[in-house]
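A.B. asks: Residue-level listing of the chains:
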Amino acid sequence: MTIKEALEKMNTGTLSSVELVRSCLKIIQQKDDKIGAFLEVWADDALAKAQEIDEKRAAGETVGELAGIPLAIKDCILVQGKKMTAASKILKDYQAAYSATVVQKLQDADAVLIGRTNMDEFACGGSTEHSGYQLTRNPHDLSRVPGGSSGGSAAAVAAEMCLGALGSDTGGSVRLPASFCGVVGLKPTYGRVSRYGLIAMASSLDQIGPLGKTVDDAFRILHVIEGKDAADATSVTAVPTDISFEEKKSVKNLVVGIPKEYFVEGMDRDVEACVADGIEQLKKRGAKIKEISLPHSHLALATYYVLMPSEVSSNMARFDGIRYGATHGATLLEKYVTTRTAGFGDEVKRRILLGTFALSSGYYEAYYKQSVAVRQLITNDFFNAFQEVDVIVGPTAPCTAFGIGEKTQDPLTMYLADIYTVSANLAGIPAMSIPCGTVRGLPVGLQLMAPHFKESMLAQCGNSLENNL
Amino acid sequence: MSQNLLFNLDNLGELSRIAVSSQEKETIKTQLESILGYVKILQEVKIEEDGMSHREALTKETLREDEIKPCDAMSRTWLFENMPRKSGDLLEVPEVFENV
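If you read the sequences in order, they're chains L and R.
Mapping to my numbering: the first sequence position 152 is 152, numbers consecutive.
Mapping to my numbering: the second sequence position 95 is 95, numbers consecutive.
In isolation and in its complexed conformation, chain L is listed as follows:
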């Protein structure tokens, strides 16, 4: 059932929120032992909230946009009073002092928060294999990863444990798991959604984004969570996302750009064929397909893997065992070193070391400062391309979900899975992954990218493909 369908049924009285939440909890009970999507399920709170919403509806009171809809929250988005760990041992006893702005907005919209989902520790990963607590498996094939870092959220939606979820996307962490799990994942324009209450990974790249079964569902969630926030200076006032799709489903005469750099050696040929079929579907619906060039594409991953760890090393400095977090050691220095060494996992430590190197004296100019400059070149590529096309289309990932343990021995091999997703974060533009078929039973994602604040273009294309229009 989609969010749209559930709202229709609840508004006409054929389904109650309590029934809906109970059915989700039942699926969690039946399947999550094997899948491992949730770190914690808030069953009592969810049922109490569902009951409250049902009573409001029965009394004829006005209810919020997502009234009674069960949603999951990634473990790095704070919910006041709840344990929140960013899947890290260093925060194992931390309880959120306040709620993220997006959580407050969902609660104001009467959504039912059903639990917190597993992720790569501090969002450092692309497979959800780097969680400090548990493994999450792909619901389509339990021997494979769900993608990361929002793997728990994607798996929960794909397995019908909830009707939607929030994730966070720094280099593809909403879109990649959406692709691997066969759901829709949307990274909004940088600044459209407040980051207040998101445990920061890389502050110039992070964005909270929705995952849902359909484009419509993802945009319903975005419509609630977006907006300027005084508590986040990087959030901006933008025209609200239009979720009334009725007049906008046609892609006739929309100009779709296909970057020639994105279809190269090393890509899974079956994945390429699946994506090509998606592009052909847009053409059949009247879109104009145009080959474009993003000439600095080959630098995107390198740029990301200098910038991102630099920001990670800065953001992780606060986890020192002094104000919160597990604490070890006697002297101040011992506390810092022992706490951080024991509390962080290998991938987080690797990124902190890499970032510290890139920012250190003697290397800062050649690495960090250079990557900031190259980031602007990549951003300019998109500005130039969007002079000619309305939306850019390509694969979300060069492959389908890989096997658990397959890429953990060589970090660089894992990083290469981000090759198509990082550019949108570097440029700050919105991007969305939608399912476009399967290869050997595994979902394939098609990625759509649009100019800044033009999420409506993503909705238009995505909705057309999804609804065969």
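Check before you lean on any hint, since a few could be wrong.
Per label pair, the in silico range of CB-to-CB distance [unchecked claim]:
#1 Lys-86/R / Gln-387/L: 54 to 62 Å
#2 Glu-24/R / Lys-26/L: 38 to 46 Å
#3 Gln-43/R / Thr-408/L: 46 to 54 Å
Worth flagging that the hints you see were computed from the coordinates, not collected in a lab.
Keep in mind that this is a model prediction, so the values were computed, not measured.
Even for Gly, the Cβ is constructed at its ideal location relative to N, Cα and C.
Since the structure of chain L is already known, use the hints to place chain R on it.
C.D. replies: Relative to chain L, chain R alone:
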């Protein structure tokens, strides 16, 4: 540069406040060298210096005034709950300066 990395790994660990054990050193060195080898491509890009910096982008109009606002009671309660060591309304921290 890569020949100095092992030497720098101790330094990096110290800067990062992370201990790298002798068993881990070789593995981490190999992994970091692999990643640095990949990102080396950035050095080939010639950048035109246009004088723009992050500092110059931030102006008085961009930033708001610092305002002290009271914290709500619930948030305050949870903030204190999370403190590993406290003394009344104060967070207790280890000694920063040693007696000489």
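A.B. asks: Against this structure, judge whether each hint is valid.
C.D. replies: Here is how each hint holds up against the structure:
1. Lys-86/R / Gln-387/L: 54 to 62 Å: 57 Å, holds
2. Glu-24/R / Lys-26/L: 38 to 46 Å: 44 Å, holds
3. Gln-43/R / Thr-408/L: 46 to 54 Å: Violated, at about 29 Å.
Consistency with the previously given hints fails for number 3 only.
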